[in-house]
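Engineer: So you can see what is in the structure, the chains are spelled out below.
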Amino acid sequence: MLALTALLIVGLAIGFFILSRAKAISVSQGALANLHSRPSYHGTYVMLWVVIVGLALLLVLMLGGNAYLDAKFLGDIRAALPDARDIEIDLVLSDVKAIAAGLVSSRIDPLREATAIDFATADAVRIWATVAISLGGALLAGVLGMRQISAEWRARNRSERIIVGILWLSAAVAVLTTLGIVLSLIFETFNFFASIGWRVDKFLFGTRWSPLSGVQDGMMDMDKVGAVPLFAGTLMITGIAMLVAVPIGLFAAIYLSEFASPKVRLWAKPMLEILAGIPTVVYGFFAAITVAPFIRNAGEAIGLSVASESALAAGIVMGVMIIPFISSLSDDVINAVPQSLRDGSYGLGATKAETIRQVVLPAALPGIVSAILLGVSRAIGETMIVVMAAGQGANLTANPLEAVTTVTVQIVMLITGDTEASTAAGPAFTLAFTLFCITLALNIFALRFVRKYREKYD
Amino acid sequence: MTNEVKISTKNVDVFYGDNHAIKDVSVDILKNTVTAFIGPSGCGKSTFLRCLNRMNDTIDSCKITGELLMDGEDIYAKSVDPVQLRAKVGMVFQKPNPFPKSIFDNVAYGPRIHGLVGNKTDLEEVVETSLRRAAIWNEVKDRLDAPGTSLSGGQQQRLCIARAIATAPEVLLMDEPASSLDPIATAQIEELIDELRNNYSVVIVTHSMQQAARVSQKTAFFHMGDMVEYGDTTAIFTNPVDQRTQDYITGRFG
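Residue numbers (the working numbering), protein chains in the order written: chain C, 1 to 458; chain B, 1 to 254.
It should be emphasised that the hints constitute simulated quantities derived from the structure, not laboratory data.
C-beta: ideal position from N, C-alpha, C; glycine also.
Covered by chain C, per the in silico footprint, the following chain B stretches (three or more residues, Cβ under 8 Å): (1) 52 to 60; (2) 80 to 90; (3) 110 to 120; (4) 160 to 170.
Just chain C, with the same shape it has in the complex:
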C-alpha cells in the first residue's frame, strides 16, 4: 500500500512536470524567449517539490504512525495487565499484531483478540491517513508550485538550488556514515580499554591473545589481550603478499604499457582486471585447498616441516589477488608519462631500457607508490583468504611456514563466535579501530608522497 503510494507520488510528479511545462509554454505566448526559465525548468521545479513533499510526508507519517500505535497499544495492554513485566507486554503486542494480520500467535486469549480488533481498525486508519495526507500534500505542493509559473518566475535558479541541495545531502550521507563508524569504533574502544583497567600498553605490546578466556565480571584478563601476535601476523602476510604482488604487478605494467602491441594490450588489460573482480572467497578456498597442501608437500620433499595452514600460502595467494590492482594502476600512470619525455630520451641516444628505467619510471613513481600503498591497504584489510588459509591460532612467530593469524581473522572469530556480542564487541572493535588508524596513516602518507613528488606535465 505504502510502496504503491510512493509510486503514485512519483507518477503525480511526472504529471505535474508535463502540466507545468505546458503552462509555461502557454504563458510565453508563443515566444519562449519571453520566459526567464526554459519550460522544462518550470516542470522540473514543480516536479521536485511534489516528490520532496510527498515522500517526506510519507516517510514521517509511516515512522511516526507506527511509533504512535505501538506506544498507544503498549499503554492499553499495560492498563489491562498491571502486574506484567515489560517483556511480557512486548510479547502480547507482537501477538496482537500477528492476530490482526491473520498470522499465528503464541497464545490466543480474550484480551489479545479484543485488542487485535482495535489494532486492526487503528492500523487501517493509520495507513489510509498516511496515504491520504501524503498524496494530498504532494497534490497541494504541485498546485501551489504551478500557480507560481509566470514569465518572470526564476524556476531555473530555484530548481538548480534544490538539486544542489540533493547533491549535498548525498555527499553528507557518505561523510556522516564514515563519521558514525569512526565514532562507534572509538566508543567501543574506550569501553574495552576501561574493561582492562586502562592498560593500553598491555593491548599494544602484550604477546598473548586470548581475550575471551579470562573474562570475569565484565573485566578482561589484561595479560591475555596482547595484540602483538595479530599485528605481527598481519605484517608478515602483507609482506609476503607485497613481495609477490609488487614485482609481478610492476613488470606486468611495464610490459603492457611499453612493450605490448596495442592488440595484446586490448585483451590483456581487461583479463588482468577480471582477476581483480574475483571474489576473495574464491581465492580463499583456492589458497586453502590447492596452494597450502602444495607448499606443505613441497616443503616436506626438501625436509622442511610446514603447517597445513601457513602464512606463506595465504601471503602468496593474497599477492596474486593484489597483482591486478598494482599492474592496472601502474599501467595507467606509466601511460600518462608524456611521449615527449620518451622522445627526449631516445633523441639523446638512450636505449629503451635506459629510457624506461631512468625517465619513465621516475616520472611515474608517485603513481606507482600510491598503487603499491593501495595494495598494502587491501592486504591489511583482507580477511577471507587468511581465515581459510593462514590459521586461527595467535602464534608469535617469524617463520612463514607456520600458521599465524591476522587482525581481521580475529575480528571474524570474535564476532561470529558463541560469546555474547557485548563481550566480544570490545576487543573486536578495538582491533578494528587500530587497523583503521594504520590504514588511515598509510593513506595519508601516500597522499603526501604523491603530492610532494608529483611532476606537473601539461
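Please build the complex by placing chain B on the supplied structure of chain C, with the hints as guidance.
Structural biologist: Frame of chain C, contents of chain B only:
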C-alpha cells in the same frame, strides 16, 4: 660555412600507412651550417627531420624509402644501431621536455648513458660547459639540484639544448625549438644556434620565416610533402625561383 656534406639524402619517400607524407625529397645538410626547413603546417618538414635520426622508427606504420647517408654511410642500413646514430645526431623538441630529475642529472643523462666521462670531476665539467654553451649556466649554477621542471619555459628549452649538447653530437636537429618561447628567450636561443654552428651541423624546423632568415645559411621550403626549393637562405628570401616559395615568404598563403 663549408661545402662539405654531412648528411646527404636522395629521393626520400615517407609513408604513414597510406598517407604519402614525404615525396621524393633530396637535400644535403652541410657541415658547420644551419639549415632551416620552412613551410606551412603539415608540409612534412618535421617528419623529414625525424628521418635524419630515425626517430620515426618508434612509429610502427611509418615506412621510409630512398637514400640517407651520413658521412657516406647509410643511416638506415641494417648494421646501424639507431641508438648509436641518435648519440651522434642529437635532437631538441618543440616542447621543452626536461626529465623528472635535477638540472644536473638532466644534462648528465647523455654522458652517463654513453659512458662519455670517466669520473665525477669530468662529468661536472661537461655539465658546466654544456650549460654555459646553452646560455643558462648563470641562471642555474646555484641550484643544479633543483628539478628541471621547476625552470621557466625558456629556461627549460635551453636546458634541453644543453642536454643535447652534452652528448657531443655531430648534428643537432631542432624541431621548432622556440615556438613556445617569448621573444627574449627566442633571441637567446637564436644566438645560441648561431654559435653552435662552429661545432655542429644544425638543422632547424621553424614556422617563423624571420627566424629562418636570421639564423640559417641554407633553407629548404617544403610544401605538401614536396621539397619545393632548396638553396642559400639569402637567395630563397630575396629571389625565390618557385612561385609557391614566393607566395609563402610574402605571406600570400600558409
